[in-house]
Amino acid sequence: MDFIEPIVSVASKIYEMVENVKSNHQRCQRVAERVRGLEGLVISLKNSGAITKTPVLKDAIRDLSTTLRSAQKLIQTYTKKDWIDRFLKSGKYEDEFGSVNDRLDDAFQVLSGAQVVGLGEGLQELFQKSTREAQDRADEKEDEAELRRLLLEHMRSMEENMEKILNILSDRGGTHVDIRNIKFDELKFIPDLPRKPIRKTETSELFQGEYKGISVAIKRYINPNANPKKVESIFNQEAQNMKQFESPHILRMYGICIENENSPNPSFFLIHEYCDNGNLRDFLSSDVSLSWAMKARMCLDAAKGLYRLHQTEEKSKVHGSISCCKFLVTEDHRIKLSGFELTKTETSIRNATTKAKETSSLCYVSPEQLNDLNYNYNKKCEIYSLGIVMWEIATRKKPFDGCKDEEIYAKVCEQKFLEPCPPECPESLAELIDACRAYDGFQRPTSGVLVDKLRMVVVQLEKL
Numbered sequence: 001m002d003f004i005e006p007i008v009s010v011a012s013k014i015y016e017m018v019e020n021v022k023s024n025h026q027r028c029q030r031v032a033e034r035v036r037g038l039e040g041l042v043i044s045l046k047n048s049g050a051i052t053k054t055p056v057l058k059d060a061i062r063d064l065s066t067t068l069r070s071a072q073k074l075i076q077t078y079t080k081k082d083w084i085d086r087f088l089k090s091g092k093y094e095d096e097f098g099s100v101n102d103r104l105d106d107a108f109q110v111l112s113g114a115q116v117v118g119l120g121e122g123l124q125e126l127f128q129k130s131t132r133e134a135q136d137r138a139d140e141k142e143d144e145a146e147l148r149r150l151l152l153e154h155m156r157s158m159e160e161n162m163e164k165i166l167n168i169l170s171d172r173g174g175t176h177v178d179i180r181n182i183k184f185d186e187l188k189f190i191p192d193l194p195r196k197p198i199r200k201t202e203t204s205e206l207f208q209g210e211y212k213g214i215s216v217a218i219k220r221y222i223n224p225n226a227n228p229k230k231v232e233s234i235f236n237q238e239a240q241n242m243k244q245f246e247s248p249h250i251l252r253m254y255g256i257c258i259e260n261e262n263s264p265n266p267s268f269f270l271i272h273e274y275c276d277n278g279n280l281r282d283f284l285s286s287d288v289s290l291s292w293a294m295k296a297r298m299c300l301d302a303a304k305g306l307y308r309l310h311q312t313e314e315k316s317k318v319h320g321s322i323s324c325c326k327f328l329v330t331e332d333h334r335i336k337l338s339g340f341e342l343t344k345t346e347t348s349i350r351n352a353t354t355k356a357k358e359t360s361s362l363c364y365v366s367p368e369q370l371n372d373l374n375y376n377y378n379k380k381c382e383i384y385s386l387g388i389v390m391w392e393i394a395t396r397k398k399p400f401d402g403c404k405d406e407e408i409y410a411k412v413c414e415q416k417f418l419e420p421c422p423p424e425c426p427e428s429l430a431e432l433i434d435a436c437r438a439y440d441g442f443q444r445p446t447s448g449v450l451v452d453k454l455r456m457v458v459v460q461l462e463k464l
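full-length UniProt numbering applies: residue 1 is where the sequence shown begins, and numbers increase by one.
Simulated from the structure, these hints should not be mistaken for lab results. Treat the hints with care, since some could be wrong.
[Claimed, not checked] If you anchor each label on the Cβ, the simulated ranges turn out as follows:
| no. | residue 1 | residue 2 | range |
| --- | --- | --- | --- |
| 1 | Ser286 | Ile190 | 18 to 26 Å |
| 2 | Ala145 | Cys413 | 52 to 60 Å |
| 3 | Tyr377 | Leu150 | 44 to 52 Å |
| 4 | Gly402 | Ser286 | 17 to 25 Å |
| 5 | Pro194 | Glu431 | 47 to 55 Å |
| 6 | Lys141 | Pro194 | 39 to 47 Å |
| 7 | Gly402 | Asp372 | 24 to 32 Å |
| 8 | Asp276 | Arg180 | 23 to 31 Å |
| 9 | Cys413 | Ile190 | 45 to 53 Å |
[Said to hold, decoys possible] Lysine-lysine pairs mimicking PhoX-like chemistry, simulated, CA-CA at most 20 Å apart:
| no. | residue 1 | residue 2 |
| --- | --- | --- |
| 10 | Lys212 | Lys183 |
| 11 | Lys398 | Lys411 |
| 12 | Lys380 | Lys416 |
| 13 | Lys80 | Lys22 |
Cβ atoms here follow ideal geometry from the backbone N, Cα and C, with glycine treated the same way.
Could you put the whole structure together from the sequences, leaning on the hints where they help?
As structure tokens, this is what we get:
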């Protein structure tokens, strides 16, 4: 039971730290409150003897220990006097608390299910979804007000950072727009005339534009063969499902537009968030300079996007096609997962006689899938694919570059070969990249554990 003591020890440090944070007081206190509830639950399970009888509990407690260390690192950053400087250096304020709280909730769902005695009403209320979401919104609102006050005070003493701070404050305000049916006259194309696509395929054209003052990408389908009413019905169903996957690390979908719906030849458009730097593969092939802290942050963003899909309860989902091209890069080098939004709607729009020609590369296929074409695709397979993407971020190279399919199979399945990380890659990051690419899926971390550990790597590298 040696993994119980670290939980108690780290929890104690968290309680002490939250009394000394310089900002985000409410969210830090809320994390501590939930940690305290979980600590009591773990001790109760230990005393009942349930842990020794249930392997899944041991795994959950080990994962919780990692989550607590990650939470400790996060809270620690807000106890430092230079927290504002770190905030400005990062270029954008990141709400890490959401993913920490999701991980704590993951632990509660497993541990509470094995509790042999009744849970107290207070503990159940603490992790009830509606209560948790309401508390988190209230905490965020209060902390944001405090953050604005602190930044404005700092701005008065550092005029040279004024423009940057104001931009950050503006970004934090955000604009929430529901996924909906969009009228064509609500869209603005950039440039308006002539309308030049920024990318074109056999089935679609992609334009830059604006919607309600938000920069968006507008995908227009070429020669569609679809029934507008059917497309709209499928879209409405998918739009409801997409709400549960809203995340800063998943490409935001704004809606669908059907122009000339009642005509013989209607036009179909999908509108989603615009990412200035395109897909991750093209970005990594550019000459943009990236520090190891930024590379680790990009890996963390990618892991968070996948974790949002892999999350427990009704939100659980697999992406189905993780690759470097499925991640998009924003202007400030943040990573967003794409490629699964409104897939049924998009399929219903495409010309029925035209298949979307999207080449699947064996580079991202897990060893278990390469060895067995009938292998049941699962989350562990996607962690392997993400490991390849993380390796690409670290090296900026293409995986198995120049290798034919049979050569990739030989390297991965017969030789169990791992393309090495660069010698200068921080050891903690290289270890996680290799763990994700482990030959045995059992040895790969879950997306939640990966987020916890990458967060600690990022905090450490951003100190340098």
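Verification of the supplied hints:
no.	hint	verdict
1	Ser286 - Ile190: 18 to 26 Å	holds (22 Å)
2	Ala145 - Cys413: 52 to 60 Å	holds (55 Å)
3	Tyr377 - Leu150: 44 to 52 Å	holds (47 Å)
4	Gly402 - Ser286: 17 to 25 Å	holds (21 Å)
5	Pro194 - Glu431: 47 to 55 Å	holds (51 Å)
6	Lys141 - Pro194: 39 to 47 Å	holds (45 Å)
7	Gly402 - Asp372: 24 to 32 Å	holds (26 Å)
8	Asp276 - Arg180: 23 to 31 Å	holds (24 Å)
9	Cys413 - Ile190: 45 to 53 Å	holds (47 Å)
10	Lys212 - Lys183	holds (11 Å)
11	Lys398 - Lys411	holds (15 Å)
12	Lys380 - Lys416	holds (17 Å)
13	Lys80 - Lys22	holds (7 Å)
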